[in-house]
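With chain A held as given, fit chain B onto it using these hints.
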Amino acid sequence: MVYETICENLKDQFENSWDSYGMLVLDLSADKLLPLVTRLKEEFGFTLLLDVTAVDFPERELRFDVVYHLYSSKHNKRLRLKVQVPESKPAVETVTGLYGSARYLEREAHEMYGIEFTGNNDLRPILLYEGFVGHPLRKDYPIDMEQPIVEYRK
Amino acid sequence: MAMMDFITTRRDELVGWVRKFSLFPYPFVTACCGMEFMAVASTLYDTDRFGAALPRFTPRQSDLLMVVGTISHKEAPVIKRVYDQMCEPKWVMAFGACATSGGFYRNYAAVQGVDKVIPVDIYVPGCPPRPEMVIDAIMKLQDSIARERHPIFPFEQPNPAKI
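Going line by line, the protein sequences match chains A and B. My numbering applies: residue 1 is where the first sequence begins, and numbers increase by one. My numbering applies: residue 155 is where the second sequence begins, and numbers increase by one.
These aren't lab readings, by the way, just hints derived from the structure by calculation. Treat the hints loosely; a few may be bogus.
Claimed, not checked - Simulated crosslink set (SDA-like; lysine to any residue; CA at most 20 Å straight-line):
(1) A:Lys-154 x B:Ala-264
(2) B:Lys-234 x A:Tyr-129
(3) A:Lys-139 x B:Ala-263
(4) B:Lys-234 x A:Glu-130
(5) A:Lys-11 x A:Arg-39
(6) A:Lys-154 x B:Ser-255
(7) A:Lys-11 x A:Val-67
(8) A:Lys-82 x A:Asp-19
Note that the coordinates shown come from a computational prediction; the quantities given were computed from them, not determined experimentally.
Next up, chain A with everything else stripped away, as it sits in the complex:
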């Protein structure tokens, strides 16, 4: 029910929508993200941000999908948003102003995929350490490349 209302009321905010195993997925461009999420939170009760992550498609021109999962506690529905960004400027606006949990999730997406979240000025690594070069979950990161901190024994 709420899915139809979203598609009807917000149809100028996204480019494409489809159903993925019973969950509504919206494709949108990076500049529409913040207004759309704001409206989803205020009008449809999507008060919980479940995940911010990315998917790497090395062959695509817009290389990364930044994926947001939202949950509406009002309607008991989940929603997935996908934003495509190019490798040259993998940047989307931060949603930390709307969801506090986005601070950690965006930091993780930043260290693992190198996505820039403009407006979030605390993108220190969480799981990686200072001095780590590259983004390990990108497809072009060599799968067995290690960057040890302590010197290995001879």
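Coordinates of chain B only, in the frame set by chain A:
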């Protein structure tokens, strides 16, 4: 004089016999192998029978470092420091496939075996190892401790440092 008033033995054998039954383990538990460590340390299997049951939760008081679980690159300096804080004599057990060789992790995060960072005396493979294997490893380690040289006097040449 009664028959059993004194015995004769080699000094190293006596010290080794004493030391092998007073292992104080320091469990460095990082992953799921910790569940198996709890099983082997508690009543059903009970490492106390081998004199190795009283975990000291500071490396300064322990002499057996049990590395239980995956060691990531971010954690490697920590385990190096823990090992350096232990007093001689000290032994290290690599508990489980991850501590032994990195296990099935071959990526940017996992150290491919804790012996890349600190010297290991005994390896227990398995994901996780059976309690019988851990007990067997403790007994094998005790055997090797019993066979080691044990310099205890200041004028003796110390064992080569394990670094």
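Structure-based check of each hint:
1. A:Lys-154 x B:Ala-264: 18 Å, holds
2. B:Lys-234 x A:Tyr-129: 16 Å, holds
3. A:Lys-139 x B:Ala-263: 15 Å, holds
4. B:Lys-234 x A:Glu-130: 18 Å, holds
5. A:Lys-11 x A:Arg-39: The hint holds at about 12 Å.
6. A:Lys-154 x B:Ser-255: 16 Å, holds
7. A:Lys-11 x A:Val-67: 19 Å, holds
8. A:Lys-82 x A:Asp-19: Cα-Cα ~13 Å, so holds.
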